[in-house]
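For reference, each letter of the sequence shown is one residue, going 262 to 439 in the numbering used here.
Misleading hints may appear alongside valid ones.
[Stated by the list, open to error] Quick list of the computed label-pair ranges, beta carbon to beta carbon:
1. Phe376 - Glu433: 37 to 43 Å
2. Gly415 - Ile289: 41 to 47 Å
3. Ile339 - Leu366: 17 to 23 Å
4. Leu382 - Arg283: 32 to 38 Å
5. Val410 - Val363: 24 to 30 Å
6. Ala278 - Glu362: 16 to 22 Å
7. Asn431 - Val363: 31 to 37 Å
8. Gln305 - Ser327: 46 to 52 Å
Treat the hints as calculated values from the structure; they're not laboratory data. From the three backbone atoms N, C-alpha and C, an ideal C-beta is built for every residue, glycine too.
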Amino acid sequence: MAVDTTPVSLTYADVEAKLGARLVTTQIQDINTQIFKDTTYQQQANPADIKQLLIYEQWFFDKKHSKLDVRIIGICPIYIYFDQATQRTVRNPTFWVRYDEVRDLIAKKEVFNQFNDSQRLSFDDLFMMRKFGSYIYGESNVFDDRAIVEYATGKDAMFEAERIKMQIFNFEHDLWEY
């Protein structure tokens, strides 16, 4: 699947805008005159609105260790919000961050696990051990031009993702003789 890996410099204000920070205008009634006036205020970005991540990975066969392995290339936070105009929940991919550039930072941040208080994991451990739920969004092809959602929807998209997952699984198991 094609992902734009062109480096784009974003300012702090750009990042906040992509995460939902914006100027909001609302009408407030003046207590003394009972007249409504437009008031504009800055709505801050809410980190709680980031509930999903897109993870761009590259699967490869490691000949030295004779195993199929994965390398995380980038991470994209998805800003989820409710659009008042359309009355729908919107999932908006914000920006891509190269995993190698943030790995030192996320290796220092601990993940809270309510089911296991004796093992401390960092976000880097969580990603490297693949302790997250996921589904396949797309795969590279000779044209490098499309995601699954461009040619399948609903259950068909989930079945296509499962087919790709089984194709990877079968490739790895076909390397061995029992």
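Now for the hints, and whether the structure bears them out:
Separated by about 29 Å at the C-beta atoms, Phe376 and Glu433 break the suggested range of 37 to 43 Å. At about 44 Å, the CB distance of Gly415 to Ile289 agrees with the hint of 41 to 47 Å. For Ile339 and Leu366, the hinted distance range of 17 to 23 Å is satisfied, since their beta carbons lie about 19 Å from each other. Separated by about 35 Å at the C-beta atoms, Leu382 and Arg283 satisfy the suggested range of 32 to 38 Å.
Remark: the range hint 24 to 30 Å for Val410 to Val363 is upheld by a beta-carbon distance near 26 Å. Judged by the Cβ atoms, the range 16 to 22 Å given for Ala278 and Glu362 holds: they are separated by roughly 21 Å. A hinted range of 31 to 37 Å for the beta carbons of Asn431 and Val363 is consistent with their spacing of about 33 Å. Distance hint for Gln305 and Ser327: a CB-CB separation of about 50 Å, consistent with the stated range 46 to 52 Å.
Violated hint: 1 only; the structure is consistent with all others.
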